[in-house]
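> This is what each chain is made of:
Protein chains: 2
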Amino acid sequence: MPERIGKHTVNLQNKPYIVGYAAAVGKKESAGPLAEFFDKAYTDEFCGEKTFEKAETHLQKAAIETALKKAKLLKSDVQCAFAGDLLNQCIGSSFGMRDLKFPFAGLYGACSTMALSLAMSGIFVDSGAAENAVAAASSHFCSAERQYRMPLEYGGQRTPASQWTVTGAGCAIVSNKAKDTNSPRIEKAIIGAVRDLGITDPNNMGAAMAPAAAQTIAEFLIDTNTKPEDYDMILTGDLGSTGSNLLQKLIKTEQGFDISNVHKDCGIMIFDQKTQDVHSGGSGCGCSASVVCSYIFDKLKNKSLNKVLFVGTGALLSPTSSLQKESTPGIAHGVLLTSND
Amino acid sequence: MPERIGKHTVNLQNKPYIVGYAAAVGKKESAGPLAEFFDKAYTDEFCGEKTFEKAETHLQKAAIETALKKAKLLKSDVQCAFAGDLLNQCIGSSFGMRDLKFPFAGLYGACSTMALSLAMSGIFVDSGAAENAVAAASSHFCSAERQYRMPLEYGGQRTPASQWTVTGAGCAIVSNKAKDTNSPRIEKAIIGAVRDLGITDPNNMGAAMAPAAAQTIAEFLIDTNTKPEDYDMILTGDLGSTGSNLLQKLIKTEQGFDISNVHKDCGIMIFDQKTQDVHSGGSGCGCSASVVCSYIFDKLKNKSLNKVLFVGTGALLSPTSSLQKESTPGIAHGVLLTSND
Numbered sequence: 001m002p003e004r005i006g007k008h009t010v011n012l013q014n015k016p017y018i019v020g021y022a023a024a025v026g027k028k029e030s031a032g033p034l035a036e037f038f039d040k041a042y043t044d045e046f047c048g049e050k051t052f053e054k055a056e057t058h059l060q061k062a063a064i065e066t067a068l069k070k071a072k073l074l075k076s077d078v079q080c081a082f083a084g085d086l087l088n089q090c091i092g093s094s095f096g097m098r099d100l101k102f103p104f105a106g107l108y109g110a111c112s113t114m115a116l117s118l119a120m121s122g123i124f125v126d127s128g129a130a131e132n133a134v135a136a137a138s139s140h141f142c143s144a145e146r147q148y149r150m151p152l153e154y155g156g157q158r159t160p161a162s163q164w165t166v167t168g169a170g171c172a173i174v175s176n177k178a179k180d181t182n183s184p185r186i187e188k189a190i191i192g193a194v195r196d197l198g199i200t201d202p203n204n205m206g207a208a209m210a211p212a213a214a215q216t217i218a219e220f221l222i223d224t225n226t227k228p229e230d231y232d233m234i235l236t237g238d239l240g241s242t243g244s245n246l247l248q249k250l251i252k253t254e255q256g257f258d259i260s261n262v263h264k265d266c267g268i269m270i271f272d273q274k275t276q277d278v279h280s281g282g283s284g285c286g287c288s289a290s291v292v293c294s295y296i297f298d299k300l301k302n303k304s305l306n307k308v309l310f311v312g313t314g315a316l317l318s319p320t321s322s323l324q325k326e327s328t329p330g331i332a333h334g335v336l337l338t339s340n341d
Numbered sequence: 342m343p344e345r346i347g348k349h350t351v352n353l354q355n356k357p358y359i360v361g362y363a364a365a366v367g368k369k370e371s372a373g374p375l376a377e378f379f380d381k382a383y384t385d386e387f388c389g390e391k392t393f394e395k396a397e398t399h400l401q402k403a404a405i406e407t408a409l410k411k412a413k414l415l416k417s418d419v420q421c422a423f424a425g426d427l428l429n430q431c432i433g434s435s436f437g438m439r440d441l442k443f444p445f446a447g448l449y450g451a452c453s454t455m456a457l458s459l460a461m462s463g464i465f466v467d468s469g470a471a472e473n474a475v476a477a478a479s480s481h482f483c484s485a486e487r488q489y490r491m492p493l494e495y496g497g498q499r500t501p502a503s504q505w506t507v508t509g510a511g512c513a514i515v516s517n518k519a520k521d522t523n524s525p526r527i528e529k530a531i532i533g534a535v536r537d538l539g540i541t542d543p544n545n546m547g548a549a550m551a552p553a554a555a556q557t558i559a560e561f562l563i564d565t566n567t568k569p570e571d572y573d574m575i576l577t578g579d580l581g582s583t584g585s586n587l588l589q590k591l592i593k594t595e596q597g598f599d600i601s602n603v604h605k606d607c608g609i610m611i612f613d614q615k616t617q618d619v620h621s622g623g624s625g626c627g628c629s630a631s632v633v634c635s636y637i638f639d640k641l642k643n644k645s646l647n648k649v650l651f652v653g654t655g656a657l658l659s660p661t662s663s664l665q666k667e668s669t670p671g672i673a674h675g676v677l678l679t680s681n682d
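Chains as they are written, first to last, in my numbering: chain Z, 1 to 341; chain A, 342 to 682.
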């Protein structure tokens, strides 16, 4: 049953289990450093579908169906699915949910969605509102580029701080019963507040999201009375190298926390920055979704990692808000993921 | 503490309280039959802002701030806000949340969002994950028209089944403590699944949403072993007259439930269909949000209504999905709202 600790954090007393998880990614991601950890890789950017948007739905469905299979659960065992994506009206998720037929609570947290869906699933399962919940998120380079920026055919030049939207999806099945003694767990959750330090460059999302990440991480550490070195990893979603540097500086200056020894970022991990030409790193809901639902849960399962504070980060802009000269609000949600000791 | 009853429904054993609520609407809404129940009415479609999108944010913030004031709570008392809207990347909500500084879980349920935000708030508060939660949703005729359909200046003709997007927002403050003996309560929640019977006309949202409403209402009645006549009102979000007729027929044919004596629809209630030229009725997240967070809660408070099953309905399309020849999936989420007896 959830209980509040400190001002912002929710303690999940039953520590729900991750009984299945999967990641489905595109070609570039499956040529990166985490290739061996992904469940499915598509070399065709359409994933056999007719449009990029349908391809994104395909990826999300593939991740969910694979995770369910690995959990040895049926679709009818799922009592609530939390999912979201970056597409207008979240069609990446809702068209997949049409076929999967789960009770579906749509989320919008931009690139923080995987952390938000894990937090919601954890709270639902811990409280008894669901026995099994699905947490999922996706993004697709081609559907995101043409929606947020320019038609791909335009071939616009990318700025140094820009990030590469990950083509990928991740899904975790959260349950009140362990599948085996190695099922990772969700121990705590924190829903973040919006923070905006006035970044107006829509090509520098890392800088827009770093302040929210600093705020959520600091709140979590204060609420739980812990220090960065108490964690094997403090993992941000997709700050990329620009945003990661800013986060480390900001949280040190503002709160005195030095996270540099334990901080990793999914946006830096998913691509090889030397050879894959992604500038500041990967981004998109699918970035942290595919890294957490593969590499991270694998390491928690085999206990080479035991305590990971995963903080998903989102930039809550739209092309319209940028054109209307708004700055970019950031948000960051967190979950404490642990090995089953 | 939430407990599952039947296959789809969650029983909120502590029956969280609605300790404050408010609705802020536009000019047309404040000239309609429910005018006297709204807290704020704006005659200027910009609400003093520079753009329609900022006007929508203004409306949502106004509803939230008024509801908090009526609840005699501070911003810092709110531990989680659930909100959403129809705009791309949900900017109607996120820019408001930037100023309000609540922990914020963004939702996307199209026009079902008010029911989803009430369900999530109810489950959070009942479980102990929050003491006070905000549930809010908004829409704006002008921001929706230009995003989903045509520039307003184009003056396109509207089809008979089309609906008029409500300019309005509603907010309810859900709490584990009653404000007084009249605080309405949330007793049960149901998260709906997507249902798509193949409607492809993007101007007939009522028909696209009716099948999902029929499914969620039937599931709720079966789970709780109740009949339509056990409710003072079964209230749908924004089916309008076309969708309402379809719902009543569909649920009778498919499940044998005759809801015609107790069924009302916010989309029909909010405008005068004879004089206000809205064709099939009102729609948009702000439609059910502003009706529930004014008229309905007022009636539950003064006990002229005691048991209202509110089922918000959403059409999960985007302009892109329609252009890609997809049909329109519908979704419906429900909450059982009761007077404090």
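What the hints contain is simulated information worked out from the structure, not anything from laboratory work.
Be careful, since some hints might not be right.
Unchecked claim - Below, in silico cross-link-like pairs of lysine-lysine (DSSO-like), each with a Cα-Cα straight-line distance of 27 Å or less:
#1 Lys-356(A) <-> Lys-15(Z)
#2 Lys-7(Z) <-> Lys-411(A)
#3 Lys-644(A) <-> Lys-15(Z)
#4 Lys-411(A) <-> Lys-75(Z)
#5 Lys-568(A) <-> Lys-7(Z)
#6 Lys-7(Z) <-> Lys-356(A)
#7 Lys-249(Z) <-> Lys-442(A)
#8 Lys-101(Z) <-> Lys-442(A)
#9 Lys-416(A) <-> Lys-7(Z)
#10 Lys-411(A) <-> Lys-101(Z)
#11 Lys-101(Z) <-> Lys-416(A)
#12 Lys-101(Z) <-> Lys-413(A)
#13 Lys-413(A) <-> Lys-7(Z)
#14 Lys-593(A) <-> Lys-177(Z)
#15 Lys-568(A) <-> Lys-69(Z)
#16 Lys-101(Z) <-> Lys-520(A)
> It remains to establish, for every hint, whether it holds in the given structure.
Hints, one by one, checked against the model:
Distance check on the hinted pair: Lys-356(A) and Lys-15(Z) sit about 25 Å apart at the alpha-carbon level, within 27 Å; holds. The straight-line distance between the Cα atoms of Lys-7(Z) and Lys-411(A) is roughly 23 Å, inside the 27 Å bound, and the hint therefore holds. Of the supplied pair hints, the one linking Lys-644(A) and Lys-15(Z) is violated, its CA atoms being roughly 41 Å apart against a limit of 27 Å. Under the criterion of a C-alpha separation no larger than 27 Å, the hint pairing Lys-411(A) with Lys-75(Z) is inconsistent with the structure, at around 43 Å.
Restraint check for Lys-568(A) and Lys-7(Z): the C-alpha separation of about 43 Å exceeds 27 Å, so the hint is violated. The hinted pair formed by Lys-7(Z) and Lys-356(A) meets the criterion: a straight-line CA distance of about 24 Å does not exceed 27 Å. For the given pair, Lys-249(Z) sits about 23 Å from Lys-442(A) by alpha-carbon distance, which is consistent with the 27 Å threshold. Taking the CA atoms of Lys-101(Z) and Lys-442(A), the gap is near 35 Å; set against the 27 Å cutoff, the hint is violated.
With a CA separation close to 13 Å, the supplied pair Lys-416(A) and Lys-7(Z) stays within the 27 Å bound. For the proposed pair Lys-411(A) and Lys-101(Z), the alpha carbon gap of about 39 Å is over 27 Å, so the pair is violated. Simply put, Lys-101(Z) and Lys-416(A) have alpha-carbon atoms about 37 Å apart, too far for the 27 Å limit, and the pair is violated. Annotation: proposed proximity of Lys-101(Z) to Lys-413(A) is violated, straight-line Cα distance about 41 Å (limit 27 Å).
About 20 Å separates the Cα atoms of Lys-413(A) and Lys-7(Z), which keeps this hinted pair within 27 Å; it holds. Straight-line distance between C-alpha atoms of Lys-593(A) and Lys-177(Z) comes to about 39 Å, which puts the hinted pair past the 27 Å bound. The hinted pair formed by Lys-568(A) and Lys-69(Z) fails the criterion: a straight-line CA distance of about 38 Å is larger than 27 Å. Proximity of Lys-101(Z) to Lys-520(A) is assessed by CA-CA distance (about 39 Å); at most 27 Å being required, the pair is judged violated.
Taken one by one, the earlier hints fail for this structure at numbers 3, 4, 5, 8, 10, 11, 12, 14, 15 and 16, listed in ascending order.
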